[in-house]
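There are 2 protein chains.
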Amino acid sequence: MASGGPEIEQLIQLLARLPGLGPRSARRAVLQLIKKKDQLMIPLSAALDRAVSAVKTCEICGNVDTVSPCTICADPRRAESGMLIVVEDVADLWALERAGVGAVRYHVLGGVLSPLDGVGPDDISIDDLLKRASEFKEIVLAINATVEGQTTAHYITDRLAGSGTKVTRLAHGVPVGGELDYLDEGTLSQALKARTEI
Amino acid sequence: MASGGPEIEQLIQLLARLPGLGPRSARRAVLQLIKKKDQLMIPLSAALDRAVSAVKTCEICGNVDTVSPCTICADPRRAESGMLIVVEDVADLWALERAGVGAVRYHVLGGVLSPLDGVGPDDISIDDLLKRASEFKEIVLAINATVEGQTTAHYITDRLAGSGTKVTRLAHGVPVGGELDYLDEGTLSQALKARTEI
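Line order of the protein sequences matches chains A and B. The first sequence runs 1 to 198 under the UniProt record's numbering. The second sequence runs 1 to 198 under the UniProt record's numbering.
It is possible that part of the hints are untrue.
If several chains are the same, the list does not tell them apart, and a pair holds so long as it fits within one copy or across any two.
[Unchecked claim] Okay, derived cross-link-like pairs now, EDC-like style, lysine to aspartate or glutamate, Cα gap no bigger than 20 Å in a straight line:
#1 K36 - D123
#2 K35 - D123
#3 K131 - D181
#4 K37 - D49
#5 K36 - D49
#6 K35 - E7
#7 K35 - E59
#8 K56 - E9
#9 K193 - D92
#10 K56 - E7
#11 K35 - D92
#12 K56 - D75
#13 K137 - D117
#14 K137 - D158
Calculated from the structure, these hints are not laboratory results.
From just these sequences and the hints, can you work out the full model?
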């Protein structure tokens with residue numbers, strides 16, 4: 001049976017659809033929200049209201065921001081490096097920004113080519129990328145090292161061939177702080193091939 | 001640096017304070033919310049707004065509901081069994097309701113006695129419980145089997161002594177579907193002491 005009335009039950013069901021939360025943890029989260037109504041529930045409700053009306057997708061790069069063009073595309077200092085990093089998802093863009101990769105610009109594909117799932121070149125933001133490409137000296141493909149990701153990287157490289165823009169990809173290798181013992185063979189053999197002199 | 005403007009950053013920080021979500025999973029949750037704005041973000045914002053104004057604590061039992069007295073206290077069929085189950089927290093009440101323990105009433109203490117943390121009998125809902133006790137034939141103490149929980153159970157039993165109301169506690173034993181190998185010694189020895197004939 002439902003505990004706590006339809007309003008609470010609906011809140012649990014919606015929260016349970018967030019990644020990382022299931023029905024059980026959503027219920028705990030709702031109880032926490034109710035317990036800390038003034039410190040947590042009311043501010044969260046207000047923050048969500050503001051985000052709903054403020055959040056936009058950048059018309060240039062596909063990043064998520066409260067302005068469009070986004071703060072990254074609007075920053076003139078980021079044009080100087082001439083580097084455009086192509087990512088699959090906004091989450092990857094944020095991860096690179098957290099890593100402090102420097103004054104670069106981004107392009108969010110919004111997915112990878114996947115013929116099995118019916119995702120073709122027109123379904124992700126490849127045409128927009130090709131239109132932007134000439135503005136940059138180097139395009140770094142920071143696409144996940146999955147089969148679909150690598151297919152997408154090859155496709156983009158082919159389409160950019162002859163454009164005069166340098167196309168690179170992220171280095172494969174041993175993660176910093178990682179233990180060799182736990183790494184897969186593919187990563188290890190790539191890391192050995194790409195070894196550098198100390 | 002902040003990705004996505006102050007509205008998004010604030011939403012991440014608030015979501016990260018929910019149990020089960022950390023900064024990283026809160027960020028993923030926010031990206032999911034933004035991606036599914038119409039199916040998830042707007043409904044969640046509306047559900048939170050409704051819950052903020054609707055959620056009440058029941059004046060009789062301490063349960064959380066949208067009406068006070070709550071649906072459980074207002075249901076006359078639940079008086080017939082004459083059983084009152086005393087729990088520490090609303091989450092415990094919900095867990096018992098999910099288990100379908102039957103037409104019973106509840107009393108939420110809102111905590112347990114803990115002299116070290118400065119929680120005395122006046123800080124949890126014990127006086128209200130003593131006032132309600134005479135209405136019931138049996139009071140089941142479904143309080144967690146921690147040191148504080150057991151202290152609280154003893155205190156309540158002492159205060160109810162001589163009132164004529166039967167006071168019981170939940171059985172200790174092997175969890176249904178549990179493997180003996182993984183159980184602690186305390187549970188195992190209690191389960192052996194309380195063995196039943198087949």
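Hint check:
no. : hint        : verdict
1   : K36 - D123  : between (43 Å within a copy, 17 Å between copies)
2   : K35 - D123  : between (44 Å within a copy, 15 Å between copies)
3   : K131 - D181 : neither (44 Å within a copy, 63 Å between copies)
4   : K37 - D49   : both (16 Å within a copy, 12 Å between copies)
5   : K36 - D49   : both (19 Å within a copy, 15 Å between copies)
6   : K35 - E7    : within (16 Å within a copy, 24 Å between copies)
7   : K35 - E59   : between (41 Å within a copy, 15 Å between copies)
8   : K56 - E9    : between (30 Å within a copy, 14 Å between copies)
9   : K193 - D92  : neither (26 Å within a copy, 57 Å between copies)
10  : K56 - E7    : between (29 Å within a copy, 11 Å between copies)
11  : K35 - D92   : between (34 Å within a copy, 14 Å between copies)
12  : K56 - D75   : within (17 Å within a copy, 48 Å between copies)
13  : K137 - D117 : neither (33 Å within a copy, 62 Å between copies)
14  : K137 - D158 : within (17 Å within a copy, 80 Å between copies)
Against the hints set out earlier in the document, violations occur for numbers 3, 9 and 13.
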